[in-house]
Every structure is written in C-alpha cells, then in structure tokens.
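K.L.:
Spelled out, the chains give:
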Amino acid sequence: MGKLSKLFMALSVLSFAVPAFAQGEAMSGTNWVAIAAGFSMAFASGICALAQGKATAAAAESLARNPAARPGIQLALILGLALIESLALYTLVIIFAKVK
Amino acid sequence: MPEQLWFTQVLNSVFAGPVTSLLRALHIEPKYPAAPIPNSFAMEFLVFVFLLILFFLVRARLSVDRPGALQHAFEGVEGFIQGQSNEIIGHHSEGYTPFLASLFFFILFCNLIGVIPSFESPTAVPIVPLGCALCAFFYYQVQGFKHAGIGYLKHFAGPMPALAPLMIPIELISHLARVLSLTIRLFANMFAGDMVTLVFFSLVPIGVPIVFLGLHIGVSFLQTYIFVLLTTVYLQGAVADEH
Chain W
1 MGKLSKLFMA LSVLSFAVPA FAQGEAMSGT NWVAIAAGFS MAFASGICAL
51 AQGKATAAAA ESLARNPAAR PGIQLALILG LALIESLALY TLVIIFAKVK
Chain S
1001 MPEQLWFTQV LNSVFAGPVT SLLRALHIEP KYPAAPIPNS FAMEFLVFVF
1051 LLILFFLVRA RLSVDRPGAL QHAFEGVEGF IQGQSNEIIG HHSEGYTPFL
1101 ASLFFFILFC NLIGVIPSFE SPTAVPIVPL GCALCAFFYY QVQGFKHAGI
1151 GYLKHFAGPM PALAPLMIPI ELISHLARVL SLTIRLFANM FAGDMVTLVF
1201 FSLVPIGVPI VFLGLHIGVS FLQTYIFVLL TTVYLQGAVA DEH
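Residue numbers (my numbering), protein chains in the order written: chain W, 1 to 100; chain S, 1001 to 1243.
Read the hints as simulated data drawn from the structure, not as lab findings.
Since we're looking at a predicted model, the values are computed, not measured.
Note that beta-carbon positions come from the ideal geometry of N, C-alpha and C, so glycine has one too.
A couple of the hints might just be wrong.
Partial list, derived from the structure: chain S residues whose beta carbon lies under 8 angstroms from chain W [to be verified]:
no.	residue
1	H1147
2	R1178
3	S1181
4	I1184
5	A1188
6	A1192
7	I1226
8	L1229
So that you can see chain W by itself, here it is in the shape it has in the complex (with noise of 0.2 angstroms):
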C-alpha cells in the first residue's frame, strides 16, 4: 500500500467523530480549542524534530568529509536549528495566547 493511501486511511479515522456535531448547544462544551492545541503543539514538535535530524544529519556527514571546514559548518548547523526550532515555538505561543 502507497503512504498515501495510507495516510488517507489515518485521516479518514478523523471523521468518526463527526456524530459528536449532532449533540447541538445542549452540552457544557468539551474544550476543543484545548484538544486542537494538544494535536497541533504534537504535530508541529514532531515535524521540527525531522527537519532538524535532518540538519544535524547533513552536518556530520559534511564534517565527516571535510573536518577542516567545522566552522562554517558548526555556524551553519547552529542557525539552522535555531531557525527551525523557532517554528515550533510559534506554535507554543498560540497556543498560550488562545488555550483558557
């Protein structure tokens, strides 16, 4: 089976919960804003952690090449994960700034 169809079957697991809409005003609301935080803050850590094995990934196996040019490349890797670290923390901050 591709990945996509395989994320799509993932996806589809998220539409069981539309019957939940059909309860109207009556219930004292469950807090989705805090569950759609949860997912989002998981989802935004679990990308940056990828993005920055693969920084770190490319830093070593250039350092591996060529140890002589560790500077530029340990000034290279540092922005670079400072850079995509920051991405996730935007998300943090929404989440702060709108979660009750």
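Starting from the known structure of chain W, fit chain S onto it as the hints suggest.
P.N.:
Just chain S, lined up with the frame of chain W:
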C-alpha cells in the same frame, strides 16, 4: 496588589510615587498605582546596574602588562563577536562590535538572572525581547542607511527593477517578520523553559528540577548567541557591498 519579587517591592516602595506621576503625565494609568514598576522592568534595571558596574570595573582594571581575569573574559567575548562579524560581514565590521557585544551581555544576563532564586528572567515576558528585537532592527536599518545613503532602499527592490512592485511588499513584510521572529524565539524559549521547570517541579520536587535549571542556563547562552548571530546576518544583508 500584584505578586512582586522582593527587589520589585523595594523599588516600588521607594519610587512608586514619582513613577506613577510620570506615567500619569504621559496619560497612562498604571494598573496598580501603588506598584507601577512591574517585575520585568525591575529585573531589567537590576541587570542594567550590574552591567554598568561590571563595565566600570573592567575599564578601571585595564592593563597591558598584567591583564586580570575580568579583562581576559571581556577580551574573549570581544574577540568572539568580532571574529564572527568578520566572518559574516567581512571587512570593516569592527564598528558594529560595541552594539553587538552590549546586546550579547544584556540578553545573556537577562536570561541568566532567572536561575537565581527570587529573581526571574525579564526575557520571559514578551515586551522585553520585543525591545531587544526593535533595538537590533533599528540598528541594522540605520547602519544600512549610513553605509549606502538613500540607495539603501534599493535593497528592498529585489534583484531586477522589473520585479520591484512584487518584491517591495514581500521585502517589507519579511523585514518586519524578522522583528517578530527574533522576539518570539527569545520569549518562547525562556517562557517555555520556565513552564517546563514548573511542570516538572510540580511532579518531582527533588532532584529533577536541577536538570531544568541546567537546561535554562544552556538555553540562555544558546539563545543569546542566536540573537546576536541573526543580528549580524541582518547587518550583513544591510551593509553588504555587492562587488
């Protein structure tokens, strides 16, 4: 009355009256007239006074023949920042070292002061990193204008004059986004560090929070370095000679 650190209480007990009058003269009504100075300002002020004393000490003890430990430390920092700006900006980057070094010291000590009990990092409230980011922003813009005069505006037009109507809004937004990203990066790192320490402190009060204090110290240094590095990169974008 808000929750105050002991140092903030000391400052407020002495200066609440004049500060509130000053704020009212500027048509700002402080939320707590008896305590107009917030914790973050008190901590910033403490860092400022500490740095001032430190710089005067270094200045007084400068010596060519027998440099002391303080002089060695400051020469190390200066060499580091100058080496880095040389690497990134190239020639004639010595003029930028004073600002970059001051930024480095201020942000570093603002971050580190949170490690001491009964003090908190002023950079954990959004306004303080915003202040640092705005200083860096205006500094590199002014340096760009100083270097190239009015021709600095050509930087915003992109590589080709035909692309200018498209590039100018994009460049303006990306420059403003730099302020935002510098602010949020510093604020969120410090704030998240505090939050995580609190969470683990509430789970395991003994032993584990030490790890997070160590993390706080590490993150303080790293985020200071990143802030100064990014300011240097933005400076390079502003004053680069393309020849």
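K.L.:
Now look at each hint and say whether the structure bears it out.
P.N.:
Hint-by-hint comparison with the structure:
1. The restraint placing H1147 (chain S) at the interface with chain W is violated, with a minimum CB-CB distance near 23 angstroms, outside the 8 angstroms limit.
2. About 11 angstroms separates the beta-carbon of R1178 (chain S) from the nearest beta-carbon of chain W, more than 8 angstroms, and the hint is not met.
3. Interface restraint check: S1181 (chain S) against chain W, minimum CB-CB distance 6 angstroms, threshold 8 angstroms, status holds.
4. The restraint placing I1184 (chain S) at the interface with chain W holds, with a minimum CB-CB distance near 6 angstroms, inside the 8 angstroms limit.
5. Of the supplied interface hints, the one on A1188 (chain S) holds, with its beta-carbon coming within about 4 angstroms of a beta-carbon of chain W, less than 8 angstroms.
6. Checking A1192 (chain S) against chain W: minimum C-beta separation of about 6 angstroms stays under 8 angstroms; hint holds.
7. With a cut of 8 angstroms, the hint placing I1226 (chain S) at the interface with chain W holds, because the nearest CB-to-CB distance is about 4 angstroms.
8. At a threshold of 8 angstroms, the smallest CB-CB gap from L1229 (chain S) to chain W is about 6 angstroms, leaving the interface hint in force.
Consistency note: the structure conflicts with the earlier hints numbered 1, 2.
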